[in-house]
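Peer 1: Sequence:
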Amino acid sequence: MLDETPSPELVPAVRIARPALPDAEKLMLTSLDIGLATVAARLSPAGRAAVQAQFGAYLGKASHPVLVSNRFVDFVCPLCFPALALHEARCEMAHLSVAHYQQTILGRVMLAPMRLMGLERVLRQAPKQFAATTNYGTRWVADLGPRHWRFDCEDELMHPETMWGSLEAVAQMVGVRDVRVVFSLLAPGHYSYDITWGQP
5 MLDETPSPEL VPAVRIARPA LPDAEKLMLT SLDIGLATVA ARLSPAGRAA VQAQFGAYLG
65 KASHPVLVSN RFVDFVCPLC FPALALHEAR CEMAHLSVAH YQQTILGRVM LAPMRLMGLE
125 RVLRQAPKQF AATTNYGTRW VADLGPRHWR FDCEDELMHP ETMWGSLEAV AQMVGVRDVR
185 VVFSLLAPGH YSYDITWGQP
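Reading the sequence shown from the start, the letters are residues 5 to 204 in my numbering.
I should point out that these hints are in silico values taken from the structure, not numbers from a laboratory.
Backbone N, C-alpha and C define an ideal beta-carbon position, used for all residues, glycine too.
One or more hints might be untrue.
Below are the DMTMM-like pairs computed for lysine to aspartate or glutamate, each with C-alpha atoms no more than 25 Å apart in a straight line [to be verified]:
| # | residue 1 | residue 2 |
| --- | --- | --- |
| 1 | 132 | 198 |
| 2 | 132 | 159 |
| 3 | 65 | 37 |
| 4 | 65 | 124 |
| 5 | 65 | 27 |
| 6 | 30 | 78 |
| 7 | 65 | 198 |
| 8 | 132 | 29 |
| 9 | 132 | 96 |
| 10 | 132 | 147 |
| 11 | 30 | 159 |
| 12 | 65 | 92 |
| 13 | 30 | 96 |
| 14 | 132 | 37 |
| 15 | 65 | 78 |
| 16 | 30 | 165 |
| 17 | 132 | 165 |
Pair by pair, the computed Cβ-Cβ distance ranges are [unchecked claim]:
| # | residue 1 | residue 2 | range |
| --- | --- | --- | --- |
| 18 | 87 | 21 | 37 to 47 Å |
| 19 | 57 | 90 | 19 to 29 Å |
| 20 | 103 | 58 | 17 to 27 Å |
| 21 | 49 | 14 | 20 to 30 Å |
| 22 | 49 | 17 | 45 to 55 Å |
| 23 | 23 | 71 | 11 to 21 Å |
| 24 | 17 | 82 | 19 to 29 Å |
| 25 | 139 | 192 | 13 to 23 Å |
| 26 | 60 | 28 | 16 to 26 Å |
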């Protein structure tokens, strides 16, 4: 069983906790169509047809299982980023997802204030932002010192690179160019990201 409490020496700045769920019940509360739109320009007609054949049953719906989301990412990554290793392609897709979201009406409304907030304030919102797009997981952030934070996801199922790439993309969006994210798997389903960046 997962330990759902952070290390005693760490005091989370923000923590959003949920009961553990079986993997099959974990949902992305967004449409898979968003993922398809993110990579649409990189898909050939044959690639798009292959995606439709594999995932058509989940397109056009308001939510989809995380297991399906992971399969989708791993299906389209070789098609869209053939020169990259899978873990690099997953990160690149997460970067593209943030960039694509910024172009949507909702993304412009939600992300515009973040550009003025600074990375510390953005990280304080990270547990809430990830919780808003899923029905599961305990997520928390801790301030470890100047320009040094930690972001943990427990009972997690998404590819680790999804959060990793998203954190890097958001840091770049708020003007931090030298962010460094180091991932650790502390236990099954317990992801930890050590986030540092240089002088402003």
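Peer 1: Confirm or reject each hint.
Peer 2: How the hints compare with the structure:
no., hint, in the structure
1, 132 with 198, "holds (18 Å)"
2, 132 with 159, "holds (16 Å)"
3, 65 with 37, "holds (8 Å)"
4, 65 with 124, "violated (34 Å)"
5, 65 with 27, "holds (19 Å)"
6, 30 with 78, "holds (18 Å)"
7, 65 with 198, "violated (34 Å)"
8, 132 with 29, "holds (20 Å)"
9, 132 with 96, "holds (23 Å)"
10, 132 with 147, "holds (16 Å)"
11, 30 with 159, "holds (10 Å)"
12, 65 with 92, "violated (28 Å)"
13, 30 with 96, "holds (24 Å)"
14, 132 with 37, "holds (23 Å)"
15, 65 with 78, "holds (20 Å)"
16, 30 with 165, "holds (18 Å)"
17, 132 with 165, "holds (19 Å)"
18, 87 with 21: 37 to 47 Å, "holds (40 Å)"
19, 57 with 90: 19 to 29 Å, "holds (21 Å)"
20, 103 with 58: 17 to 27 Å, "holds (24 Å)"
21, 49 with 14: 20 to 30 Å, "violated (50 Å)"
22, 49 with 17: 45 to 55 Å, "holds (47 Å)"
23, 23 with 71: 11 to 21 Å, "holds (19 Å)"
24, 17 with 82: 19 to 29 Å, "violated (38 Å)"
25, 139 with 192: 13 to 23 Å, "holds (19 Å)"
26, 60 with 28: 16 to 26 Å, "holds (20 Å)"
The structure shown violates the earlier hints numbered 4, 7, 12, 21, 24.
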